[in-house]
Amino acid sequence: MSSQRAGRSAEQDQFAASLHDMLAAADVPGAARRWASGDSSEGLALWHKLAGAGVTALAVPERWGGLAASSLDTVVACEELGHHALPGPVAESVAVVPGLIAALAGADISPVLSDALPRLAAGDLIATLALPPWLPYAPDADVAGLVLLAETGTTGRHVLWLAEPGARHRSVDRARSLFEVSGREALARGPAVADAIAQALRAGALASAAQLLGAGRALLAASVRHAGQRIQFGRPVGAFQAVKHHLADVAIRLEFARPLLDAAAIALAAGDRFAARDVSAAKVACTEAAGRAARAALQVHGAIGYTEEHDVHLWLMKVRALAGTWGSQAEHRARIMAELTAPEAPPWS
Amino acid sequence: MSFDPGPASEFRTEVRDWLAAHLPAQPLPSVDTARGFAAHRAWERELAAVRLSVVSWPPAYGGRGASLLDWLVFEEEYYAAAAPARVGQNGLFLLAPTLFAHGTAEQRGRLLPPMARADEVWAQAWSEPDAGSDLAAIRATATRADGGWLLSGTKTWSTRAAFADRAFGLFRSDPGAERHRGLTYLLFDLRAGGVTVRPIRQLGGGIGFAEIFLDRVFVPDADVLGAPGEGWRIAMSTAGHERGLSLRSPGRFTAAAARLVELWRRAGDPADTALRDRVVDAWIGAQAYRRHTFDTAARLAGGGTLGAESSLGKVFWSELDVALHETALDLLGPLAEVDGLPGADGRWLDGYLFALAGPIYAGTNEIQRTVIAERLLGLPR
Chain H
274 MSSQRAGRSA EQDQFAASLH DMLAAADVPG AARRWASGDS SEGLALWHKL AGAGVTALAV
334 PERWGGLAAS SLDTVVACEE LGHHALPGPV AESVAVVPGL IAALAGADIS PVLSDALPRL
394 AAGDLIATLA LPPWLPYAPD ADVAGLVLLA ETGTTGRHVL WLAEPGARHR SVDRARSLFE
454 VSGREALARG PAVADAIAQA LRAGALASAA QLLGAGRALL AASVRHAGQR IQFGRPVGAF
514 QAVKHHLADV AIRLEFARPL LDAAAIALAA GDRFAARDVS AAKVACTEAA GRAARAALQV
574 HGAIGYTEEH DVHLWLMKVR ALAGTWGSQA EHRARIMAEL TAPEAPPWS
Chain P
271 MSFDPGPASE FRTEVRDWLA AHLPAQPLPS VDTARGFAAH RAWERELAAV RLSVVSWPPA
331 YGGRGASLLD WLVFEEEYYA AAAPARVGQN GLFLLAPTLF AHGTAEQRGR LLPPMARADE
391 VWAQAWSEPD AGSDLAAIRA TATRADGGWL LSGTKTWSTR AAFADRAFGL FRSDPGAERH
451 RGLTYLLFDL RAGGVTVRPI RQLGGGIGFA EIFLDRVFVP DADVLGAPGE GWRIAMSTAG
511 HERGLSLRSP GRFTAAAARL VELWRRAGDP ADTALRDRVV DAWIGAQAYR RHTFDTAARL
571 AGGGTLGAES SLGKVFWSEL DVALHETALD LLGPLAEVDG LPGADGRWLD GYLFALAGPI
631 YAGTNEIQRT VIAERLLGLP R
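Chains as they are written, first to last, in this note's numbering: chain H, 274 to 622; chain P, 271 to 651.
None of these hints come from the bench; they were simulated from the model.
Mixed in with the good hints, there may be bad ones.
Claimed, not checked - So the derived label-pair ranges between C-beta atoms look like this:
1) P:Pro399 - H:Val445: 42 to 48 angstroms
2) H:Ser282 - P:Asp600: 40 to 46 angstroms
3) P:Val320 - H:Gly325: 37 to 43 angstroms
4) P:Ala319 - H:Asp286: 44 to 50 angstroms
5) P:Arg286 - H:Pro391: 31 to 37 angstroms
As the list claims (entries may be wrong) - If you only want the chain H side, here are some residues facing chain P, beta carbon under 10 angstroms, derived:
6) Asp312
7) Ala500
8) Gly564
9) Ile609
As the structure is a prediction and not an experimental result, all values here were calculated from the model.
Ideal placement from N, C-alpha and C gives every residue a C-beta, glycine not left out.
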């Protein structure tokens, strides 16, 4: 498959390749399995390594020790993290919380938040948040040193809380936990928080879309590998046309989700007025493509894919977990139509 | 860096303004009727007079030497304006790229200018009664004659052949060779002695293709494209164009998606979220195809080539085209079946019938999926 992405620079391709090499050399599936059984130490060591490569500093402004990178750089990283099914609150800690704090940084900001930024950038801190109703639970609050609750009141009351994790729920992705949270200390409130939350929703949808696309690519690759090796009726199952066409459909979906993802990142970085619409289109398309990749992967793997013994389940369950997070398909589609039919919107541009 | 050609450029404005000033007041009759064919030919001559019929060709042949991105801009404006179907499409998008790649200077100088002006409209002559998806099963023959070749056999599903002037196709020139070997790419006159054209009425009522019977039809050596026996390789380079960038620019789909959103705004039931989601998905698909095409254009401009990945696009656009039009017809409800609805609504039914052929021609989508699986994914043959 052609992997060249026209909207990406050579440096971004190089960054993606270096993250891929780093994670491929590590035993990420093993780390995810041990994370699922309660030992997150290996996974957190990987987060430290990624911080060394700059991943956790991408969305942090320079004055707090970050790289102030573009949305596309963050997408490049999140796609690779999804490609390797890295456990932990990827979208939340890498993209959303740094952006949320940075958006508030012009105001008189709480030291809890400003002190967090350099530590996030350096990889000394992992952050997560709940943002009901889109994100009712804070993912992986057990490994996070900073847990936030962004509250969007129906009367326009927007508050950013330092939050206390409460009851824990297991995700269908066993290497992911969901925590109920309650506000402990109000860190910021008012219109600036409303704007920051709107931006956080876009950043979260984009980052999770990137993870989903990466996971979808991994599932397709795993399916192709398995179909080439598994022999039935005296030939590799991948020689059967029914299997070929399943996987060709997955390849098509992934191929045409990619440009939407990159274009949305570019639009977001440029402050394009249609950026929110483009982010929703990317999330819908990447979720759809990854979902198809997951279903096809399970079908092509057969019974072994339905087990915890085989690694493919790590990606299958992560796709299911991320599919509904940071806005459901229905919400994103409704948002797109609302923007398309808004009086001033040209329907194509 | 973004490769979006953007909403504003001098060239875009010129195309938009010219089309606004010159578009026929009434839609032309269907291109698949004798009257409509003539009207579309006249329209092509208007385009050619201002060098808008083949913008990406070199000036010597009637073009402007425009970049691939400007060609995409032209296409966006052309479809957004709902301008007439391109009667010369087979020649412009299938034969011309092959002439540029494999033709001689003499052939290009002789064949391209009349093609640009639609003085010569070309039909394709690939399929035969027993060679459809399995194109290498071609049986029509080219037999050596003094100064050229004699063509015999039957070609079918030949788009535009009922009214076109000339055709291009593959013929078996080496009776001892099998399958992909021993084929020659030949150009012939549809009004030459020994040619009989049987128009075929399509399911929508138009005469969009024909069967061609050839009985010892003489073709001079000058009308062999590439070397004799090399026809398969040469035709496949054309097939890449047919499936890929050249034949289906995103303009058609983005324009249809814009009209679909308009139709929803006007006629959609806000409570029908299932239909609303289909409208949104069709719009997303058109955007995806547009973005993907810009990426491909940028890659080609940077010296890249287009190979088997064109199969990804062919399946995508052909199924998108059906979905766009089916969704519109479902929105129109009981009016959808009415032939000749007034205004913009009247175009959905014709567009739907046209779209239905997409997953079949230019290599069925089943063939494309197999190509994707074997050549791009590397699954075993």
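Hints and how they fare:
{"no.": "1", "hint": "P:Pro399 - H:Val445: 42 to 48 angstroms", "result": "violated (54 angstroms)"}
{"no.": "2", "hint": "H:Ser282 - P:Asp600: 40 to 46 angstroms", "result": "holds (43 angstroms)"}
{"no.": "3", "hint": "P:Val320 - H:Gly325: 37 to 43 angstroms", "result": "violated (60 angstroms)"}
{"no.": "4", "hint": "P:Ala319 - H:Asp286: 44 to 50 angstroms", "result": "holds (45 angstroms)"}
{"no.": "5", "hint": "P:Arg286 - H:Pro391: 31 to 37 angstroms", "result": "violated (52 angstroms)"}
{"no.": "6", "hint": "Asp312", "result": "violated (36 angstroms)"}
{"no.": "7", "hint": "Ala500", "result": "holds (6 angstroms)"}
{"no.": "8", "hint": "Gly564", "result": "violated (13 angstroms)"}
{"no.": "9", "hint": "Ile609", "result": "holds (5 angstroms)"}
Checked against the numbered hints above, the structure breaks hints 1, 3, 5, 6, 8 and satisfies the rest.
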